[in-house]
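Construct the entire structure; sequences and hints are all you get.
Residues per chain are reported as follows:
2 protein chains.
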Amino acid sequence: MKTVVNPVKSTWSELLARPTMDLESIEGLVRPVMESVQSRGDSALREFTEKFDGVSLSDLQVTTEEISQAISQVDDDLKAAISIAKKNIETFHQAQKDDFVKVETMPGVNCFRKSVGIDKVGLYIPGGTAPLFSTVLMLAVPAKIAGSRELVLCTPPDKSGNVHPAILYTAQLVGIEKIFKVGGAQAVAAMTFGTETIPQVYKIFGPGNQYVTAAKQLAMKYGVAIDMPAGPSEVAVYADESAVPAFVAADLLSQAEHGVDSQVVLVASSEEIVNEVKAEVADQLKTLPRAEFAEKALSNSIAIVLSDEDQAIDLLNEYGAEHLILSVKKPWGVANRIVNAGSVFLGNYTPESAGDYASGTNHTLPTNGYAKMYSGVSLDSFVKKITYQEITPQGLSVLGPVVETMAAAEELEAHKNAVTLRLNEINNV
Amino acid sequence: MKTVVNPVKSTWSELLARPTMDLESIEGLVRPVMESVQSRGDSALREFTEKFDGVSLSDLQVTTEEISQAISQVDDDLKAAISIAKKNIETFHQAQKDDFVKVETMPGVNCFRKSVGIDKVGLYIPGGTAPLFSTVLMLAVPAKIAGSRELVLCTPPDKSGNVHPAILYTAQLVGIEKIFKVGGAQAVAAMTFGTETIPQVYKIFGPGNQYVTAAKQLAMKYGVAIDMPAGPSEVAVYADESAVPAFVAADLLSQAEHGVDSQVVLVASSEEIVNEVKAEVADQLKTLPRAEFAEKALSNSIAIVLSDEDQAIDLLNEYGAEHLILSVKKPWGVANRIVNAGSVFLGNYTPESAGDYASGTNHTLPTNGYAKMYSGVSLDSFVKKITYQEITPQGLSVLGPVVETMAAAEELEAHKNAVTLRLNEINNV
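In the order they appear, the protein sequences are chains A and B.
For the record, in the first sequence the residue sitting at position 326 is 326 according to UniProt numbering, with numbers rising by one throughout.
For the record, in the second sequence the residue sitting at position 86 is 86 according to UniProt numbering, with numbers rising by one throughout.
Since the hints were derived computationally from the structure, they do not count as laboratory data.
Any given hint could be a false lead.
Pairs involving identical chains hold if they fit within one copy or between any two copies, as the list cannot separate such chains.
To be verified - Lysine-lysine pairs mimicking DSBU-like chemistry, simulated, CA-CA at most 35 angstroms apart: (1) K159 to K114; (2) K9 to K144; (3) K2 to K144; (4) K329 to K385; (5) K9 to K385; (6) K86 to K102; (7) K86 to K159; (8) K114 to K9; (9) K102 to K79; (10) K330 to K102; (11) K114 to K278.
As C-alpha cells, then:
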C-alpha cells in the first residue's frame, strides 16, 4: 500500500484511477453463448453447464425436494441471523415507498404519479467460493415489496450439480419459486430471451464475474434492463485522530478479501494514522484465510494523507466510493458534504460488513466511480413510475391556448389541432 | 391503417411488434466520430460541424449577445406560454421530492437515505425541422430542482451557424449558462469526454436521431450514464363508445406527424368506432402541413377491435405504450389496471399534447416497450440516492453477532473480524 502525502489536486485523478476493464474482448466470447441460448434454449443451457460448470444436468430447475433438503441443512443459528437481516432490510426498504403524487398544476389540470412494480425480474447469484445468500435478500426483499410478480433466480451448480443450501434456504424464505441451476453468460441469456423452462424477464439484477457483466451489457441491446454497470468492489476510509487503527485496518481488509481486483483507499489526516493502520493491517493479515487475495488487492491500493479537511472531502467526492467509511470525530459534518458515494458508514462502530449483511441498507451499490450518477439498488430499482393526467373542460380552456401557442412555435400543427378541436367543442364553435 | 377484429392472444405480440432498430451498423459510423472528439477535442468538433451541419464555426459557445438577440426575437405570446408551462412542470416535479428517509431498524442501528443531485448533466436538444424548446423545459427544470450544479446544453446550429431563438430563450430562462452549437454524435462525444470548451458530464439526456442514439449507447461504455434507451415515439388510444372520433383522430395524428417511424395503435371496443375514427383521420389529414410524415406513419399502424375490456387491458399492458390515451367511460377503472405505460391520459379532454408541452408531466418517456421496466424522466433521473448508517456500540452489540454468523457462512472471515474486533472492545475483552 503506497502512501502519498498531501498530493496536489492536479494529481488526484491519476492517483485515484481505477483499473480499466476491457469488456470488448470478453463480449466476443459471450456473444455466441447468448446467441446459442437464444436459438436453442434449454439444450444450449445444458451444453454450457456441462462445459463451464463441469456437470451434466437433466433438470435445470431446483426441485421442492432439494429445497426441503436445504432447509434441513442450514444451521438454526444461521437461520436466525438471516431472519433478522431480512426483517431489517424489509424495514428500510418499506420506508422507501413513494407516496402517490397528486398535483393540480392549474385549476382542472390534474397530474399524478404512481409506482408500479416491474412485473418480471431476474436475479443472478454467483457461485464460486463464497455462497452469496446475502445477495438473495438484498435483491428479492425489495422486489417483493415493489410488487414484482415473477421472480426468477439463476445460480450456477457446483460440480455435483447442487446449489449451496444457504442460497436455496434464503430463496424459499423470501418466496422465490423459480430457481434454476444455470450460471454465467448462459444464465443471463436465458433470462433475456426465455427458454422452454426459464422465463424471460424485463430486468436483470445481481453481481457476477466479467462474463456475467459482459452478458448483462449485451442483454441491454436485446431490450432488457439491468441494475447497474458493474466493477470491482471498493471502499474508501476517511480517518482522523479519533479513528481506531485496528478497526480501520479490519475494514480495509474486509474489502480487500473480496478479490485481487478490490480497491481500497485510505484517506487520513496525518501520516501517523496511516502508519498505525498499516501496522495493524500487517498484523491482522496473518490470521486471514483469504490473505492471498487481500494482500494482492492491498498492493494496488493507496493511502493518501491530506491534512486539510476541505481537500479530503473534495478528493472523496472526486473518487465517488462505493463504500465510504467516515472514522472521524464529527462524521455527519463530513457526510453532509459528500455528494458522490454509494453508501456511507459513520463513526467507529459502523463497519461496512454491517451494511453488507444485516443493518437494512442495500449492499448492491455503484462501483468504479458510478456513484457520481447511479444510486445503489433500492425499492426504486424494482418499480416504474407511471404519470397520469386528467384535464377537465374548464382546465383545458385555460391550458389549451398555452399548448396551441407552443405547438405552433414548434411547427407541430397536429399537436395544436388536438387541442383546438376540443376547445371548439367546449366553446360550441 | 390495418384493422384486426378480436385477434386471439397468441397473435398479439406479432400484431404489436415494433420495427427493429439496427444500431450495430450505425455504431460503426459513430465510433470514429467519438474517438476523434476524444483525441482532438474542439478541432474535431469544428470539422464535424462543417461536414454534417454545413457551417464553419470559430466559436462553439453561444454568446451573451446571441442570447440577448434571442430574447428580443421571441414573441410575447410564446414567452407567456413558456412561462406557464415552466411553472406547471416545476410544480409537478417539485412534488416528486423524496423525503429524507430515517429508520432505526434495531435499537442503535440507524439507516438513512438522501437524494443528492447529479453534479454535471448534459442536455441534448435536436435541431432539424421542429425547434424542441419544450424539451429544454422538460430536462432543465427537474435538473435545477434536483440541484445539479453544472448544466451543459448542446444543440446543432443551422446552416447560418445559428440556434433557434426559442431554444436559446428557454435555455436562459431556466438558467443554463453553457450552451454549445454542436449536434449529432459529436455533441454526445464532447459531453462524454469533455473538450477545451465543452465540459465533461456524468449523465446525458435528450432525444435525437439514430446517430445520437447510437452515440449515447456508446457513451455508456465510456462510463457516462444516459436517461434511457430511445426508440420512435408512439401512442396507444383505447376508445369505447364514449370517445369522440374527431378527438381520437386528432390524437393519433399528433403522434403520427412526428415522423414516418412513429407508432400509432388504436384499440377500440367496436369496429364502428374504428371506422368513424378512420374517416376523421382522412378528413383531418388534408389540412396538415406534415401530412406526408403522418400518412406514412399511419400506413404502418394498426387498429385492433377488442370487444372484451379485460382483453383490451391485457393487450395494452403487453404493448406498454409510451403514451396511452384512455378515451373511455370510466378511465380510472382502466388506468388502475395498467401496469406498463409511460404516461396515461384520461378522458376526452386530455390530449397527449397537453402533456407534451405544458400540463406539468414530463414528455421524455420510455418508448419501444421499455415502459415495462423504465420510468420516464422525472426528478429521480437527476439524483442519486445515497444511503447512510450510524450504529451505536449498543446497536452493534445486538446486530454484530448476526453479521458474524452470516459472514462466517459466506466464508468471508475479514468481514466477520471487522465486527469481532469492535465487539471485543465494547465488551472489554
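Against the structure, the hints:
1. K159 to K114: neither (46 angstroms within a copy, 44 angstroms between copies)
2. K9 to K144: between (45 angstroms within a copy, 28 angstroms between copies)
3. K2 to K144: Neither. Shortest intra-copy (45 angstroms) and inter-copy (41 angstroms) distances fail the 35 angstroms Cα cut-off.
4. K329 to K385: For K329 and K385, the Cα distance is within 35 angstroms only across copies (25 angstroms; inside one copy 40 angstroms).
5. K9 to K385: Between copies only: 27 angstroms across, 41 angstroms inside.
6. K86 to K102: Both, since 32 angstroms and 18 angstroms are each at most 35 angstroms.
7. K86 to K159: within (30 angstroms within a copy, 61 angstroms between copies)
8. K114 to K9: Intra 44 angstroms, inter 28 angstroms, cutoff 35 angstroms: inter-copy only.
9. K102 to K79: Between. Shortest inter-copy distance 27 angstroms satisfies the 35 angstroms Cα cut-off; intra-copy 42 angstroms does not.
10. K330 to K102: This pair counts as between: shortest inter-copy Cα distance 19 angstroms, intra-copy 39 angstroms.
11. K114 to K278: For K114 and K278, the Cα distance is within 35 angstroms only across copies (33 angstroms; inside one copy 51 angstroms).
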